[in-house]
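Chemist: For the record, the sequence lines run as chains H and L.
Reminder that position 10 of the first sequence reads as 9 in numbering that gives the first Met the number 0, one-by-one numbering, no gaps.
Reminder that position 186 of the second sequence reads as 185 in numbering that gives the first Met the number 0, one-by-one numbering, no gaps.
By construction, these hints were calculated from the structure, which means they are not laboratory data.
Hints may contain errors.
To be verified - Here are the simulated lysine to aspartate or glutamate pairs, EDC-like style, with alpha carbons at most 20 Å apart:
1) Lys5(H) - Asp59(H)
2) Lys106(H) - Glu49(H)
3) Lys152(L) - Glu162(L)
4) Lys141(L) - Glu104(L)
5) Lys96(H) - Asp43(L)
6) Lys70(H) - Asp43(L)
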Amino acid sequence: MDDIEKNAARLGCLTCPSVILLPGVGTLVKTEFKLPLIHKSSKDEEENTEFITRSWMIPDMFQFENVGFSKTVGNFKYLVCADCEIGPIGWHCIDNKTSYIADMRVKHMES
Amino acid sequence: MDPSVLTTLKILITGESGVGKSSLLLRFTDDTFDNEQAATIGVDFKVKLINVDGNNVKLAIWDTAGQERFRTLTPSYYRNAQGAILVYDVCSRQSFSRLDAWFDELETYATNTNIVKMLIGNKIDKDRREVSREEGLKFAKKHSMLFIEASAKTKDGVQMAFEELVQKIIQTPGLWEADVTSQRGLSLSDRTQAGQPWSCSGYCSMV
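Could you build all of it, start to finish, from the sequences and the hints given here?
Modeler: Given below as structure tokens:
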């Protein structure tokens with residue numbers, strides 16, 4: 000398949016210098032996942048989530064440079080920055096052990 | 000897999016509730032201690048990259064937070080761990096008294112018989128100390144553990160604690176395996192077998 004896209008840059012935390020993923024490790028996938036917002040703006044739970052459509056798929060958790068996994072919520076664990084713990088920056092699916100980083104929740108770092 | 004990663008190690012952090020285990024984990028490479036987001040759901044474990052003596056080592060660090068209220072953790076928590084950190088609060092005599100029980104549990108369930116253990120007296124930034132440094136050191140000596148006093152709040156000693164622990168694990172033959180996919184250009188096995196002189200024999204004093 001020619002259209003497989005890997006992350007060209009390092010992926011890092013939006014708020015601290017922590018490096019999350021090295022270049023070429025994540026595979027770009029289309030997702031439909033309702034991820035809670037980092038900053039809650041409303042009391043309405045529905046309004047406090049957003050659809051994540053563009054994500055980097057990581058099959059093995061040890062492929063991350065630095066990442067934190069939350070306690071399990073339903074079938075998922077939320078991913079947070081390992082250093083400042085801001086998040087969720089993505090999610091981890093318990094069933095298939097695959098992790099997804101939301102592209103809009105991370106920084107593409109210059110190397 | 001990152002080609003420069005020497006190995007992946009499982010590290011546990013145990014000890015009584017409220018001694019600052021989670022903060023130690025958070026504080027490891029971080030400069031922003033205060034974060035309101037942190038406690039919402041609670042972190043289960045972290046994958047972290049650490050560089051020790053020029054080698055990249057990936058750590059899977061497990062925090063018992065919450066589970067320790069049930070007093071006994073599931074044996075699976077201890078399975079295959081190469082390193083264990085026992086934490087007490089230097090301002091809590093009770094947390095120090097409970098160390099024996101935590102140590103026994105570790106001895107019972109750890110599947111690696113040569114697992115490297117470290118004792119951390121935390122919260123030295125606070126001024127109501129109830130456990131002296133000597134007492135901590137004595138416990139560590141008795142049980143052949145590395146020892147350090149630290150403050151997760153001021154970051155004192157935390158990074159060094161993890162580095163010392165990883166260093167000791169790497170120097171323990173048979174305790175770890177090099178990641179098969181990432182052995183290119185690394186010759187640490189020679190050095191490990193040669194048995195580098197370890198400055199701290201069994202316990203360690205760094206503060």
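Chemist: Each hint should be assessed against the structure and marked as holding or not.
Modeler: Each hint tested on the structure:
no. : hint                  : in the structure
1   : Lys5(H) - Asp59(H)    : holds, 15 Å
2   : Lys106(H) - Glu49(H)  : holds, 18 Å
3   : Lys152(L) - Glu162(L) : holds, 18 Å
4   : Lys141(L) - Glu104(L) : holds, 16 Å
5   : Lys96(H) - Asp43(L)   : holds, 15 Å
6   : Lys70(H) - Asp43(L)   : holds, 5 Å
Violated hints are absent here; each numbered hint is respected by the structure.
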